[in-house]
Every structure is written in structure tokens, then in C-alpha cells.
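> Work out the full structure, taking the sequences as your base and the hints as a guide.
There are 2 protein chains.
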Amino acid sequence: MVATNDCDVLIVGAGPAGLMLSTWLSKLKIRTRIIDKAPTKVLVGHADGVQCRTVEVFQSFGFAQRLVDEGAHINEVVSWALDSKGILQRTGRIPDNEPGTSRFPHAVLSQGRIERFLLDAMKDFNNLTVQRSTAPVSLSVDQNLVRDFSPNSYPVSVTLRRLTEEESVPTQLGAVPNGLHRSNLLADDEFDAAKGTKEAGAFDNAGEEETVRTKFLVGCDGARSWVRKQMGLSLEGDAAGAVWGVLDAIVSETTFPDIRLKCTVQSKVGSILIVPRERDYVRFYIQIGSTKPGERFDRSSVTPESIIETAKKIMAPYTLECSDFEWWTVYEVGQRLCKTFSHDERLFIAGDACHTHSPKAGQGMNTSMMDAYNLGWKLAHVLQGKATPNLLKTYSEERYKVAKELIDLDYKLSRMFSAKPKEEGGDGDGVSLAEFKAFFKSLSRWASGTAVHYRPNMLVAPERQPALAPGLPTGMRFESHLVVALADARPWHVGDRLVSNGRWRIILFAGDVRDEEQKKKLEQVAAYFDAADGPVRRYTPPNEDLDSVVEVLTIISNPRISVEPNAFPAILWPARKPSPAYDKLYADDSSPVTPNVRGEIYKNLGIDPKTGCIAVVRPDQTVSLVCALDEHKQIGDFFAQFMIPQA
Amino acid sequence: MVATNDCDVLIVGAGPAGLMLSTWLSKLKIRTRIIDKAPTKVLVGHADGVQCRTVEVFQSFGFAQRLVDEGAHINEVVSWALDSKGILQRTGRIPDNEPGTSRFPHAVLSQGRIERFLLDAMKDFNNLTVQRSTAPVSLSVDQNLVRDFSPNSYPVSVTLRRLTEEESVPTQLGAVPNGLHRSNLLADDEFDAAKGTKEAGAFDNAGEEETVRTKFLVGCDGARSWVRKQMGLSLEGDAAGAVWGVLDAIVSETTFPDIRLKCTVQSKVGSILIVPRERDYVRFYIQIGSTKPGERFDRSSVTPESIIETAKKIMAPYTLECSDFEWWTVYEVGQRLCKTFSHDERLFIAGDACHTHSPKAGQGMNTSMMDAYNLGWKLAHVLQGKATPNLLKTYSEERYKVAKELIDLDYKLSRMFSAKPKEEGGDGDGVSLAEFKAFFKSLSRWASGTAVHYRPNMLVAPERQPALAPGLPTGMRFESHLVVALADARPWHVGDRLVSNGRWRIILFAGDVRDEEQKKKLEQVAAYFDAADGPVRRYTPPNEDLDSVVEVLTIISNPRISVEPNAFPAILWPARKPSPAYDKLYADDSSPVTPNVRGEIYKNLGIDPKTGCIAVVRPDQTVSLVCALDEHKQIGDFFAQFMIPQA
Ligand SMILES: Cc1cc2nc3c(=O)[nH]c(=O)nc-3n(C[C@H](O)[C@H](O)[C@H](O)COP(=O)(O)OP(=O)(O)OC[C@H]3O[C@@H](n4cnc5c(N)ncnc54)[C@H](O)[C@@H]3O)c2cc1C
Ligand SMILES: Cc1cc2nc3c(=O)[nH]c(=O)nc-3n(C[C@H](O)[C@H](O)[C@H](O)COP(=O)(O)OP(=O)(O)OC[C@H]3O[C@@H](n4cnc5c(N)ncnc54)[C@H](O)[C@@H]3O)c2cc1C
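Listed in order, the protein sequences are those of chains A and B. When the letters of the first sequence are read in order and numbered with full-length UniProt numbering, they come out as residues 1 to 647. When the letters of the second sequence are read in order and numbered with full-length UniProt numbering, they come out as residues 1 to 647.
Treat the hints as calculated values from the structure; they're not laboratory data. Treat the hints with care, as some may be off.
Where chains are identical, the list cannot tell them apart; a pair therefore holds if satisfied intra-copy or between any two copies.
Said to hold, decoys possible - Calculated pairs, DSSO-like style, for lysine-lysine (alpha carbon to alpha carbon, straight line, at most 30 Å):
1) 577 <-> 312
2) 313 <-> 577
3) 360 <-> 85
4) 441 <-> 603
No experiment lies behind these values; they were computed from the predicted model shown.
See the structure below:
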């Protein structure tokens with residue numbers, strides 16, 4: 001029997017990872033519950049960097065603009081260091097991203113606002129909210145049901161407990177008091193702050209317990225993950241010796257000219273990382289000491305004032321006056337990683353529960369959300385009977401690789417920051433300016449999140465040789481460029497059509513269809529898509545729209561007005577309620593009204609404009625497969641590995 | 001004595017004109033009341049075209065993105081006509097706007113949604129809402145107070161009456177029943193629909209009267225304006241003979257290839273205008289008959305089905321199947337205009353109360369909102385003691401000119417549509433295809449709203465000869481281009497910095513400030529701005545931020561990194577609470593991360609990159625004055641005409 005409190009996915013922890021997962025699952029209408037032991041979301045402080053790739057994903061859920069409008073944008077990274085006379089000088093400027101990395105900026109906005117966007121979206125998509133002041137107390141997995149994926153099989157049972165106010169206090173890193181200035185909250189967060197108080201009756205049911213059965217349990221419960229412990233796993237690696245202070249403040253006066261740019265400043269006194277923030281705030285990351293293995297740093301001496309004092313010394317002779325200390329903390333840098341992120345494909349962990357590292361590369365929140373973004377559609381596919389459960393194995397594989405790269409990189413980065421600067425031509429274990437700059441440059445693509453590259457597996461075909469679209473390597477995210485719709489001449493970023501709604505996409509770069517031979521090829525591909533055993537009809541339930549599981553988007557290389565939009569085979573713009581799908585056909589062309597916007601997607605992706613190619617793109621926008629038009633049968637073979645035909 | 005229900009501005013009518021005015025006044029924190037006799041806002045139908053210029057204004061209030069996301073976009077206008085064999089053919093395509101007209105699209109979205117955005121904004125800005133089911137019953141003006149602009153002088157008294165349900169029925173044009181499908185409403189409009197019902201207690205106070213004293217009364221009460229009548233004015237002109245049907249429907253099937261483009265179709269049977277709409281809707285404008293002067297058209301025979309039948313005949317041999325008739329109406333085209341829009345600068349009218357015409361050029365809603373946008377800041381300036389009341393005279397002058405041009409244009413346009421097409425080389429009073437196309441082309445700039453050009457007056461200096469910025473004619477809206485901020489390297493459209501907050505802007509095109517002589521000129525200008533009798537300090541109350549009345553934005557032509565952002569004179573990036581104004585300094589430069597974005601504002605506006613110029617821009621983004629750097633005293637003389645020094 002199914003109990004009313006059973007669910008398909010139970011998420012423990014509503015930080016960035018948990019909220020991204022619950023947003024994704026809400027969008028896909030999966031029966032989801034999400035709990036968190038804390039009484040409110042994050043209000044100030046914590047992570048802030050949102051990399052371009054994450055903004056692309058926000059766009060696919062419809063809330064990128066909120067971030068772009070509210071956030072500060074990082075365009076350039078400036079390095080400052082001492083010259084041979086010991087005077088602080090600007091030693092370099094590099095673009096924050098390689099130009100053209102993404103159509104979105106690298107934005108900086110406090111974690112609490114990101115959580116707000118996700119909370120709003122999940123409420124909007126499926127009326128899902130977080131059950132707060134609640135934690136799991138026990139977990140059992142029925143081994144007889146673990147391999148049973150029938151609809152009424154709930155192998156996982158979790159007992160949840162409503163916490164008392166004492167148990168539910170928001171966790172900060174360590175025991176350092178921190179400055180939580182609620183007066184700075186935006187209106188839509190004030191309500192959350194208020195809800196976390198006794199008056200709202202939040203703790204009336206404290207102590208009550210409830211047992212929930214679920215098909216999947218996902219631990220998004222941070223670095224000290226309870227779920228991870230139940231899985232018998234732990235974070236491995238060592239805590240490095242650097243102790244850092246972080247402070248968000250307003251710089252009311254300074255003679256330093258680059259206070260609104262991301263800067264690294266290295267002096268004899270120490271190093272500092274400056275990150276301009278929204279609402280005129282500035283974040284300072286300052287190394288305030290170091291510890292030997294086994295030692296613990298005495299945090300009691302650290303105050304916002306002491307952080308600023310250190311900053312002043314590093315930045316001398318420039319002046320620095322700060323006010324409005326919104327938040328601060330102290331942390332010891334450690335790079336640690338869990339060896340697998342899942343157990344029996346029934347229990348999963350994501351985010352800081354899998355990997356921890358310093359915040360300087362601005363990766364923690366992003367990587368955590370991207371873990372969840374990788375996992376969400378896979379869970380939904382299995383729950384909706386679209387795919388076989390073995391595709392869930394790819395989650396840990398794919399994301400472990402990313403986390404490992406991140407840890408390695410962070411290790412290097414922390415060393416760069418902690419090490420004493422080395423005089424030009426000097427010796428010793430310091431870091432030379434040239435090394436520092438070269439490293440920062442190599443970091444930029446990686447740090448944008450667009451360099452993530454999954455290895456070939458069931459969901460990622462090996463790269464075709466020779467590549468037909470060098471700009472679309474399999475295993476990487478689909479790189480968006482502008483095209484123009486045939487039906488209404490409107491310019492669109494292809495990425496804006498890759499809405500996160502669980503669909504696979506076949507991007508049919510049809511080439512120049514004025515050519516008779518190419519047109520014939522297109523018709524053959526269309527006939528294959530239209531066939532009962534083709535990849536579209538085979539996996540689409542008979543009573544659903546033909547674009548609902550595998551959506552075909554066609555992009556021709558010839559000019560928009562050289563063809564009639566309604567002359568294409570019907571499967572390429574299928575009938576749909578209430579009107580035909582005019583949003584499937586595009587041309588690599590310019591817009592009649594927007595100057596300087598030439599699509600040039602074929603050119604940018606290196607696709608032959610005569611013969612084109614076909615790209616299969618996953619629901620998380622990862623390129624799975626690229627093949628030639630006459631290799632279209634590969635698409636069916638690819639899907640047959642894991643998709644379940646819908647009778 | 002001031003009564004609690006007194007207000008500074010009372011607005012009668014909450015259509016597009018009234019809501020734009022109340023949004024503007026809310027933003028400026030003016031004590032405003034707005035009433036409407038109808039129980040709800042518009043829910044379906046009515047106007048839909050939002051021209052580029054209107055989108056720019058929406059952007060200045062912060063809600064352009066809602067429109068851009070929800071609306072259909074018009075990129076191209078296609079004309080169809082019979083060829084010499086009598087077969088319907090595509091006879092031309094023209095861009096809907098000249099490329100580069102605006103950074104925003106021409107969007108199409110139903111009037112009810114526009115009203116939603118305005119209602120949300122005014123609530124957000126100053127918690128202002130519309131008092132519905134309320135109409136004025138009497139009006140008196142105390143002639144002794146008309147010239148008294150002291151704070152406690154309320155020369156206008158209006159008695160308002162809460163209406164009964166019968167009196168408050170939403171007005172449709174004429175008595176034709178129309179199809180109001182509430183099931184199609186978006187969630188945030190459903191509430192409005194519900195509020196208009198008896199259950200909400202909307203009519204509990206029916207019959208009650210209240211007398212309100214106000215400083216200004218603005219009639220935004222549509223074509224049959226009650227306020228206009230009280231002013232002793234009327235609409236003049238004649239109602240032309242054409243009778244048109246308008247229908248919003250879903251096209252479920254068609255062989256016509258351009259159904260998602262704006263099309264004119266001319267056949268022997270008649271003419272049709274097709275406008276693609278949001279949510280896959282299509283609007284049809286069809287001429288269904290004509291009347292002689294004095295006659296009245298019998299509307300009873302018109303149904304959505306009869307409109308579609310006519311459309312089918314015009315569009316034959318193309319097929320057309322429609323469903324989901326959301327709204328329809330019938331109207332007789334009339335071009336009428338009121339000879340002045342104000343009375344004693346205490347009573348004003350705006351929108352359809354001043355001018356009516358056919359909806360085919362998509363101008364009614366736009367022109368109405370732009371009337372209000374012109375008026376709002378002027379009222380606020382007078383009420384806030386910033387300017388003398390004589391600047392209010394410019395409202396009627398400026399907007400009458402626009403309305404007159406619109407009426408003349410609409411007259412021509414209606415004739416084009418109503419006239420029989422003329423065979424190529426044929427004779428008679430028809431309209432040839434060439435004429436039709438040429439006219440549509442000339443229309444496009446005008447229809448974008450960016451061609452509005454006020455004549456020289458107190459607020460618009462005569463064009464300097466020779467022009468220093470040919471792309472910035474005085475009396476026209478400031479044309480936006482990209483620049484890059486000196487402080488954070490972020491690209492910005494200058495237009496996005498011209499937020500509608502009541503400020504004047506001085507755009508200081510400082511030229512190449514690496515040049516010593518130019519730098520000296522810049523310093524002289526800055527010294528002038530910084531002087532007690534300069535245009536900045538003279539008009540800014542001593543306890544307010546230096547950018548709060550006249551904001552100076554500086555744009556240099558030399559590269560961003562060739563200067564230090566904090567090396568500029570302090571008045572150009574004034575101290576401000578809590579941190580200095582980093583958002584005042586820009587360079588005509590490219591962004592480090594965004595490719596293909598080169599500012600080129602000097603080039604686009606025709607400004608000499610060595611010597612620059614200064615542009616004074618009104619709070620409604622109209623260019624007032626352009627002068628050379630060493631003619632900066634002109635700025636003081638300009639402001640001295642109407643601005644009040646703040647001791
Ligand atoms: C000072 C600082 C600066 C940072 N800067 C950046 C940055 O610039 N960019 C960046 O990307 N990242 C940054 N990070 C890292 C970032 O905050 C984390 O990586 C990110 O929050 C991890 O998200 P998560 O959802 O995995 O875990 P968390 O955010 O830790 O969320 C875990 C959630 O689970 C809840 N929880 C824990 N245990 C239980 C339990 N037993 N039962 C119920 N609920 C539980 C917690 O209350 C919490 O809400 C920074 C972190 C810090 C501290
Ligand atoms: C079919 C159709 C299509 C159109 N298409 C377009 C288009 O594509 N583009 C375009 O720009 N325009 C179009 N228009 C015109 C557009 O609707 C009007 O120009 C616009 O609504 C005028 O705005 P307004 O605020 O001046 O007047 P209205 O929208 O008429 O608003 C007047 C308001 O005042 C209220 N009111 C009236 N009298 C009183 C009173 N005595 N007391 C209290 N309240 C009162 C009314 O209830 C109403 O809410 C179209 C119009 C129609 C009918």
C-alpha cells in the first residue's frame with residue numbers, strides 16, 4: 001500500500017545542491033520531499049560566485065535574469081604585487097573568462113538570493129516547499145526491493161524528526177560569532193527570516209517523528225553529511241594548513257583604484273582576494289594564519305576589524321575604510337573527496353557532502369548545484385519509466401571526475417595563495433608572479449563551468465573521428481549561438497530553446513537544403529524520425545505530443561527566406577495542441593531588425609554548411625552524440641542502450 | 001487645512017494612460033490617487049502592439065523583460081497581393097523596424113498584461129492601487145487658487161461616487177457581445193478577475209460619495225472622457241466610413257506560410273492585417289463593410305465565425321482553421337483630436353481622451369502611455385518645488401504635435417486599407433501595390449515610437465549649428481549605445497542608466513582625456529558643475545546626494561584602462577552613502593569578455609572622439625541641449641529658465 005507521505009525522492013538538506021535538485025524535480029513533476037534541519041534558508045554570506053555555466057542552467061529554468069539584474073558582474077581579474085622596490089603595483093589584467101565563453105556573465109550574488117530564486121521556482125513549478133527544522137534520525141533499505149523498480153516499490157525508509165529550537169539553530173562554520181545584519185535583507189527574504197522565529201509556531205511539533213518511504217534518497221546535507229555516514233562513506237584527504245578570514249563589507253572610502261574589480265593582492269604581509277559584490281558590497285578573502293597538521297587555529301582573536309586591519313596592511317599604501325560588516329567567518333582550507341556518490345543507485349549524495357575545498361575558485365556552490373542538475377533528470381527518467389535504472393550509475397562516475405579535478409585545482413590554487421611571493425629570478429618554494437598569472441589564466445575557462453567534460457559512457461558517445469562539429473565535443477555542454485526562427489524571423493539563442501523540461505533534443509544541422517541531394521538526406525532523416533521504431537516515436541507515449549520526449553530542432557544553413565517554413569516534413573514541426581509547433585525550425589541567418597547579430601552557428605561550431613550533422617543533446621544540455629545525416633541510425637542505437645520503448 | 005483624502009494628483013481612468021501616469025508618480029513618491037469606473041482591469045483583447053520606444057520606457061521602470069519574455073516579437077512585415085493572374089502572392093518583405101532602431105524588439109502582448117505590469121510596478125514603488133468602481137460626479141476649480149502653487153493650495157475639488165454593479169459593467173466598444181474566455185487568463189490576472197465579482201464585496205459601498213481636493217486632475221478616461229467634457233473640450237474630426245472586425249484566435253491549421261509574421265493581405269474580396277500574438281494567438285483585422293456619413297453599421301450580424309469566413313475568402317486559396325476565439329469586436333474607424341490637452345495647467349487629459357484613431361498602426365496604447373510619460377515628471381517637478389509651473393505648458397504643446405501626426409498618418413493608413421487595390425498601371429482611386437509598400441516602409445520608423453520629435457521650447461533647445469552629435473537631435477529620445485564602466489569593466493547600455501527616477505542627466509562626452517588640453521577642458525567643466533551656482537549644486541537640496549537632481553554621466557572616448565577611474569574630479573563620481581558613485585564613469589570601449597560588443601557610441605552618434613560634447617537629457621530621456629565642452633555655461637542658462645534654485 002502507498003501511504004500519503006511516501007514520495008519518489010526524499011532530499012535531505014536544502015542548500016544549493018538540495019534546492020537545485022528539488023527545483024529540477026518539481027519542474028519534472030516528480031513527487032518530492034525536501035527537509036532541512038535549519039529553520040531558515042541562508043540569509044547573508046556564504047558562497048557568492050555564480051559561474052557562467054550555472055547562469056545558463058538558471059536560464060533553462062527561467063530565472064537567470066533575476067541573477068543578472070541583482071548580481072555584480074565579474075569581467076576582469078587584476079593582479080597586484082610588489083615591484084622590485086617593494087611598491088605595490090598592478091602587475092596584470094586578464095579577462096575573467098575567455099571572450100565568448102558564454103552568453104551570460106559571471107555574476108556574484110549572495111547564496112541566500114540564489115536559494116531564494118530556487119525556492120521561488122520550485123514553488124512555482126509544482127508548489128513544493130522545504131520542510132524546515134526537520135532532520136532524519138534513522139534510515140533502512142529493504143534489500144529485497146532494491147532491484148525492484150515497479151511503481152509501488154519503496155525500498156528506502158527514513159524516520160524524520162521535528163527539531164526543537166535548540167537543535168535547529170542555523171549552522172555557521174565553526175563557533176565564531178558572525179555578523180548577521182537582517183536589516184540588509186531584501187523584502188522577499190524578510191519573510192523567511194521572520195518564519196524562522198518562534199512566533200511563527202515553527203517549533204510547535206518539535207520532537208514528533210514520522211517514517212517516510214521513498215524510492216530514492218539524496219543527501220544534500222553538506223560537508224558533515226548524515227546521509228553519507230549512513231552510506232558508510234567519508235570524505236578523504238587532508239586539511240591544508242592555511243586559515244582564511246572572509247568578510248563582506250562596504251568600502252566607504254579607498255584610494256585603491258580597482259575596488260570594483262576582482263583582484264588578487266600579494267604583499268610581504270600576505271595575500272588578499274577582493275571580490276566586488278552586489279549592493280556595493282565587497283568581499284575580502286584574507287589569509288590570517290596557518291596551522292600544522294593536528295593543530296587547531298584559535299579563532300577567538302578574529303573579528304571583522306582584525307580582518308580589515310590585515311587587509312589595510314596588505315594594501316598599503318592604498319587607504320581602505322570599511323563599514324556595514326554584513327557577514328564574516330574564518331575557515332581552514334581542506335581538500336576532501338568521497339570515493340563514490342551513490343549506493344545501490346538508491347542512496348545518493350551531492351554537493352559538499354561529496355567534496356569540500358576552499359571557496360577561492362568560487363566553485364563550491366556551483367559544483368554542488370551542477371551535481372544535482374546532473375542527477376535530477378536521471379532520477380526522473382527512471383521514475384517515469386522512460387529509461388532503465390542503470391543510467392543512474394553515470395551520476396557518480398561523471399560527477400566524481402569533476403569533483404576530483406576541482407580538488408586538484410583547488411589544492412594548487414590554495415598553494416599559490418598561501419605561498420610567499422618569490423622575487424623575480426629568486427629561489428625557494430615561493431610562487432613567482434609569472435607562475436601565478438599563468439595559473440590564473442588557465443583557471444578561467446575551468447572556473448566558468450563550461451569546461452566540464454564527461455568521459456564516454458552509456459550517455460556520452462565517443463567522439464566521432466573526424467569530428468563533424470569540433471565546437472560540440474561529446475560530454476560537454478551544448479555551446480549556444482544565435483539562429484533565426486523560420487516562422488517569425490525572431491532571433492533566438494539555441495540555448496534558450498533547451499529549456500530544462502526533461503526532453504532530449506536532436507539538433508538537426510540540416511545543411512543547405514536548397515541542394516537537392518541534401519534535401520533528400522534531410523527527408524531520409526525525417527522519415528527515420530517519423531518511423532514507429534525511430535528514436536522519436538519509439539520512446540514517446542502514444543497519447544503525448546511528439547516533441548515531449550525527444551524534441552527535434554532543425555537548423556538550416558541557407559537563408560531563412562530561401563525556403564518556406566511549412567515545406568518541411570511534418571515530423572520536423574509536428575502538430576501539437578492547439579497549434580502546430582512553429583518553434584522547431586531555424587536558419588543560420590541574420591535578423592531583419594537586429595544589426596550585428598549574425599547567427600554564424602555553423603561557423604562557430606565548425607560544421608560544414610553544405611552537409612551539416614546531427615547532435616543529440618541530453619536533458620542537461622550535455623552533447624551525447626554527433627553523427628552525419630546518413631549515419632542517423634546511430635541515434636536509435638544510442639537510445640536503445642538505456643531508453644524504454646513506450647508501447 | 002489638509003484633509004487626509006486630499007492628494008497632489010488625482011487620475012481619472014486606469015487604462016494604459018492612467019496607469020503609466022500613476023506608475024511614474026508612484027516612482028517619484030507623489031501623493032496620487034487613481035480611480036476607474038470599471039470593476040477590473042482589461043483581461044483580454046484591446047490593444048496589443050508595444051512599440052520599441054515604449055519598451056525602452058518600460059525598461060527605465062524595470063519591467064521591460066516581462067514584456068520581452070511574454071510577448072510575441074514582430075521582426076518583419078510581409079505584404080501579400082494578387083498577381084496579374086489574380087493569384088495571391090507574397091509581394092514584399094520589409095523589416096518591421098529599420099535595423100538598429102532600438103535595442104528592444106517591437107513586442108505584441110495583450111493590453112491586460114501591460115496593465116498588469118504597470119499595476120505591479122506602482123504597487124511596488126509606492127504601494128499605490130486603483131480604486132475601482134468609482135467615477136467622478138462633479139468638479140470645481142477655485143479660480144483664486146489656480147495660480148497659487150504653495151504647498152497647501154488645492155484648487156481642484158472632485159466629488160467621487162462608488163458605483164453600483166450595474167453602473168460599473170466593463171465597457172466594450174459598442175454593444176456587441178464579445179468572447180471573454182477567462183480560462184485563458186494567466187494566474188496573476190485571475191485574482192483581478194475574481195475581485196471584480198460581487199463575492200469580493202466590491203459594491204458594498206455603492207452610492208457613497210466623497211469629495212477630494214487635489215492640486216492637479218488628469219483625465220485618462222478614454223475616448224468619451226468625462227474630464228474633457230468638464231474642461232469644455234471635445235474631440236474634433238470625422239468618423240471615416242470603414243467598419244472593421246477584430247478577432248484574437250488560435251490558428252489550428254493553415255497552409256499560409258506566414259501566419260507567424262505580421263502580414264497585410266489584399267485581395268478582390270478585401271484586405272486583412274494579420275498580427276502574430278503571444279501564446280500562439282493570431283489577431284486578424286478585417287474590413288467587414290463601410291458606412292456613409294450619418295449611417296450606423298448593423299453590428300448584430302458580426303460573429304467571430306463571420307470574421308473568419310471573410311478572412312478565409314481573402315486568404316484563398318490558402319486554408320485557415322481557427323479555434324479558441326478569445327476576444328473580438330467591431331469598430332468604425334474615426335480620426336479625432338482635441339485642440340488642447342490642458343486647462344490652466346491644473347486640469348489635463350491624456351491618451352484616448354485627447355485623440356482617437358484606428359488601431360492598425362498599433363499606436364493608441366503607446367501614444368496614450370507616452371502622453372502620460374511626458375506629463376508625469378513635469379507634475380512631479382512642480383509639486384516637489386524643483387521647477388516653475390510654466391513648464392507644464394510644454395505638455396499640451398509637445399503631445400498635441402505627436403497626436404496630430406498620428407491622426408494624419410492613420411488617416412492615410414486607413415485609406416490604404418479601405419481602398420480597393422489598383423491593378424498595376426491601372427487607374428481610379430485605388431492604391432497601387434508600390435504606393436502601399438512605400439507607405440509601409442515610411443511608417444516603420446514612425447511606428448517604432450523613436451521618431452517623436454518635439455519642437456524647440458523651454459525644455460528643448462534649438463539644434464546647435466553645426467551639430468556636435470548628429471545622432472542626438474534635441475527634442476528626440478536619447479539613442480542608447482553600449483559603453484563600458486571604468487570601475488568594473490561591465491558593459492552597459494547608456495539607456496539602462498537613464499532610469500526613470502525624475503533625474504536630469506548631463507551626459508558628458510569628455511572626448512580623449514589623455515590629451516592634456518582636453519583634460520583641462522574637462523576639469524573646467526567639472527569645476528563649473530562643482531560650483532555653488534553651477535547646474536548641479538544650484539538645483540540640488542543641500543542635504544541630498546549630488547546625483548539626485550542632475551546626474552552627470554561621463555563617457556570618455558579613450559580606452560578604459562588608459563585612465564585610473566579614481567583620477568577624475570570628485571564631482572564626476574560624487575561621494576554618496578554608503579560608498580562612492582562608481583556608476584558615473586564610462587568609456588567608449590569594448591568589454592574584456594563579451595565579443596562583438598564594441599561600444600562605438602561616439603561613432604554611432606557622430607561625436608568627435610577628440611573633443612566630445614555635452615548632452616542634457618530630460619527625466620523622460622528627451623535630449624534637451626547639446627553643446628561643446630567650452631560652451632558649458634549654456635547648461636546653466638538652460639536650467640535657469642524653469643528650475644528653482646534650492647537654497
Ligand atoms: C565563506 C564561504 C565562501 C564561499 N564562497 C563560495 C563561492 O564564492 N562560490 C562557490 O561556489 N561556493 C562558495 N562556498 C561554498 C558553498 O557555500 C558550498 O559549497 C555550498 O553551499 C554547498 O552546497 P550544498 O547544498 O552542498 O551544502 P550546504 O550549503 O552546506 O547545505 C547543506 C544543507 O543541509 C542541511 N543539513 C545538514 N545536515 C542536515 C541534516 N542532518 N538534516 C537536515 N538537514 C541537514 C543544512 O542545514 C544546509 O541547509 C563558500 C563557502 C563559504 C563558507
Ligand atoms: C480592438 C482594438 C485594438 C487596438 N489595438 C491597438 C494596438 O494594437 N496598439 C495600440 O497602441 N492601441 C490599440 N488600440 C487602442 C488602445 O486600446 C487605446 O488607445 C488605449 O487603451 C487608450 O488608453 P487610455 O488609457 O487613454 O484609454 P482607455 O484604455 O480607454 O482607458 C480609459 C479608462 O478610463 C475609465 N473611465 C472612463 N470613463 C470614466 C469615468 N467617467 N470615471 C472613471 N473611469 C472612467 C475606463 O473604464 C478605462 O479603464 C486598440 C483598441 C481597440 C479597441
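> Does each hint hold? Answer for all of them.
Comparing the hints with the structure gives:
1. Taking the shortest Cα distances, residue 577 and residue 312 sit within 30 Å of each other only across copies (22 Å), while inside one copy they are farther apart (64 Å).
2. For a Cα distance limit of 30 Å, the shortest separation of residue 313 from residue 577 across copies, 25 Å, qualifies, whereas the shortest one inside one copy, 67 Å, does not.
3. In the homo-oligomer, the alpha carbons of residue 360 and residue 85 lie at most 30 Å apart inside one protomer (29 Å), although the nearest pairing across protomers, at 73 Å, exceeds that limit.
4. When the C-alpha separation of residue 441 and residue 603 is checked against a cutoff of 30 Å, the pair qualifies only within one copy, where the shortest distance is 26 Å, while the shortest distance between copies is 33 Å.
Taken one by one, the earlier hints all hold for this structure without exception.
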